[in-house]
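There are 4 protein chains.
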Amino acid sequence: MTNLDIRIRENFDRQAMMQTLGAKLTRVAPGEIEISAPILPLATQQQGFGHAGLTFSIGDSAAGYAALTLLPEDSDVVTSEIKINLLAPAVGDRLIARGRVVRPGKRLIVVLSEVFAVTDGREKQIALMTGTMVPIPKTRG
Amino acid sequence: MTNLDIRIRENFDRQAMMQTLGAKLTRVAPGEIEISAPILPLATQQQGFGHAGLTFSIGDSAAGYAALTLLPEDSDVVTSEIKINLLAPAVGDRLIARGRVVRPGKRLIVVLSEVFAVTDGREKQIALMTGTMVPIPKTRG
Amino acid sequence: MTNLDIRIRENFDRQAMMQTLGAKLTRVAPGEIEISAPILPLATQQQGFGHAGLTFSIGDSAAGYAALTLLPEDSDVVTSEIKINLLAPAVGDRLIARGRVVRPGKRLIVVLSEVFAVTDGREKQIALMTGTMVPIPKTRG
Amino acid sequence: MTNLDIRIRENFDRQAMMQTLGAKLTRVAPGEIEISAPILPLATQQQGFGHAGLTFSIGDSAAGYAALTLLPEDSDVVTSEIKINLLAPAVGDRLIARGRVVRPGKRLIVVLSEVFAVTDGREKQIALMTGTMVPIPKTRG
Numbered sequence: 001m002t003n004l005d006i007r008i009r010e011n012f013d014r015q016a017m018m019q020t021l022g023a024k025l026t027r028v029a030p031g032e033i034e035i036s037a038p039i040l041p042l043a044t045q046q047q048g049f050g051h052a053g054l055t056f057s058i059g060d061s062a063a064g065y066a067a068l069t070l071l072p073e074d075s076d077v078v079t080s081e082i083k084i085n086l087l088a089p090a091v092g093d094r095l096i097a098r099g100r101v102v103r104p105g106k107r108l109i110v111v112l113s114e115v116f117a118v119t120d121g122r123e124k125q126i127a128l129m130t131g132t133m134v135p136i137p138k139t140r141g
Numbered sequence: 001m002t003n004l005d006i007r008i009r010e011n012f013d014r015q016a017m018m019q020t021l022g023a024k025l026t027r028v029a030p031g032e033i034e035i036s037a038p039i040l041p042l043a044t045q046q047q048g049f050g051h052a053g054l055t056f057s058i059g060d061s062a063a064g065y066a067a068l069t070l071l072p073e074d075s076d077v078v079t080s081e082i083k084i085n086l087l088a089p090a091v092g093d094r095l096i097a098r099g100r101v102v103r104p105g106k107r108l109i110v111v112l113s114e115v116f117a118v119t120d121g122r123e124k125q126i127a128l129m130t131g132t133m134v135p136i137p138k139t140r141g
Numbered sequence: 001m002t003n004l005d006i007r008i009r010e011n012f013d014r015q016a017m018m019q020t021l022g023a024k025l026t027r028v029a030p031g032e033i034e035i036s037a038p039i040l041p042l043a044t045q046q047q048g049f050g051h052a053g054l055t056f057s058i059g060d061s062a063a064g065y066a067a068l069t070l071l072p073e074d075s076d077v078v079t080s081e082i083k084i085n086l087l088a089p090a091v092g093d094r095l096i097a098r099g100r101v102v103r104p105g106k107r108l109i110v111v112l113s114e115v116f117a118v119t120d121g122r123e124k125q126i127a128l129m130t131g132t133m134v135p136i137p138k139t140r141g
Numbered sequence: 001m002t003n004l005d006i007r008i009r010e011n012f013d014r015q016a017m018m019q020t021l022g023a024k025l026t027r028v029a030p031g032e033i034e035i036s037a038p039i040l041p042l043a044t045q046q047q048g049f050g051h052a053g054l055t056f057s058i059g060d061s062a063a064g065y066a067a068l069t070l071l072p073e074d075s076d077v078v079t080s081e082i083k084i085n086l087l088a089p090a091v092g093d094r095l096i097a098r099g100r101v102v103r104p105g106k107r108l109i110v111v112l113s114e115v116f117a118v119t120d121g122r123e124k125q126i127a128l129m130t131g132t133m134v135p136i137p138k139t140r141g
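Protein chains in written order, with UniProt numbering: chain A, 1 to 141; chain B, 1 to 141; chain C, 1 to 141; chain D, 1 to 141.
Heads up, some of the hints might be wrong.
Pairs involving identical chains hold if they fit within one copy or between any two copies, as the list cannot separate such chains.
[To be verified] For lysine-lysine, the following DSBU-like pairs were computed, each having C-alpha atoms within a straight-line distance of at most 35 Å:
no.: 1; residue 1: Lys124; residue 2: Lys106
no.: 2; residue 1: Lys106; residue 2: Lys138
no.: 3; residue 1: Lys138; residue 2: Lys24
no.: 4; residue 1: Lys124; residue 2: Lys24
Keep in mind that the hints were calculated from the coordinates and are not lab data.
Just so we're clear, the structure is a prediction, and the values are computed from it rather than from any experiment.
With the rest of the complex left out, here is chain A (with noise of 0.2 Å):
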């Protein structure tokens, strides 16, 4: 693994929604994550599909950690706002969120990401988000 490797799984490791999700950090490269999760049982809505609250975690922490990738080591990375449209239901196999950063900056960082429902192997776009990082300082040692 790599050094950027590294530094954003151990930071993601840390954020327990994710773990109880069955989230994985499947891609990491500069400006760019993808997270992959199951579709649980416990996140699942009234008519058992996924509830847009799984799909929205998956894909606001990897436009999170897509912008994590471009900050110095030192740094950690909040949510200022962020959109979600929903184009399917969340059914399949597993749920693929892939963030990236449209803008960088020391500021603001403007992110979109794409989730996809997975099923036989054959993607379906879900979601479409788009938002704002914030850059803050890292709090833990």
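Mind docking chains B, C and D on chain A? Use the hints.
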């Protein structure tokens, strides 16, 4: 409980995500819903605060159920889009999400949700959300 | 006029777009701005209603100036992001946009704008907007 | 010109707002629209840059017409909601908005628009927009 209460609670109880997050329906009124949730260790982000996905999940559900209160009994509702502005970290004794209908409609329902963190009985707003809910036929008996 | 009035009006008068649209600053208070505009034939869309760009423009300016009222004299403000939900067609005698600060801040200011169409003195809400304004140094004397 | 070109241009020519801003339809294809506009002095904000309302207006129209290309001839379209992230000031020789359909649908069409400033032939992205368009019956003969 009124018929409206019963109908909304029956639907809410089927959202496994709400149970996972420890969320409770604390108010049901025509066009208005309140949901309360603790900040469970399983729903935190890397700094130990509530994950944006927690705040989003209860805010989205509050907005969605606010829409559902205004629809016929054989209806259900799905989120079409929703945006969250995060105003402060999700830290405190518990979170409260208050959703309400801004403009009802047959095809689209525009909603607003505000999420607060409660500490020692004092509320601080941590998120502002606006979104669009879409009525769909109820699919489960 | 108070100093605040003078400062906001001086800035508003430099927004050529507001003059093009016939928009007037009708209320200035700390954290709150009201802008009124006719629906000029030059700002319509294909059905003869006000273009979404008209509604957006006055709603965005109302929100931006609401933020500016809370900043030091040597500050200006730019829109980082803003979302508009359109609730009804922009039709009537004139439009009124009311912007206010939801959460002030040094780096980011979260704002909300509501736009109304006025017909025979009765107001109907036509848009709901939430956004983020960013303070910047004032660049013009 | 194809039938699609003619239909879209006929509708575009009825948007007085586009003429006021000097906007031209520069590309029509199924699911994709490009609009080009100068930064006219009448559409500036207080620093002399293009007003957010200019960028929004052409981005919104590009997205809306992209949706319209996929609808039957007797259809029109209105914006339900749209969010804009502003990435850089609207300054340069002219602006180009490129809208495209992300997910078509009978009730809702999810769209994305990117707006660029062109200076000496070089493009710089200044805005990213995502939104929802709603098909409606065409109301004018």
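How the hints compare with the structure:
1. With identical chains, the CA atoms of Lys124 and Lys106 are at most 35 Å apart both within one copy (34 Å) and between copies (18 Å).
2. Taking CA atoms no more than 35 Å apart as the test, Lys106 paired with Lys138 passes in both settings, with 15 Å inside one copy and 19 Å between copies.
3. In the homo-oligomer, the alpha carbons of Lys138 and Lys24 lie at most 35 Å apart both inside one protomer (22 Å) and across protomers (33 Å), since each shortest distance falls under that limit.
4. Proximity of Lys124 to Lys24 under the C-alpha cut-off of 35 Å is found in both arrangements, the shortest distances being 19 Å within a copy and 33 Å between copies.
In this structure, none of the earlier numbered hints is contradicted; all agree with it.
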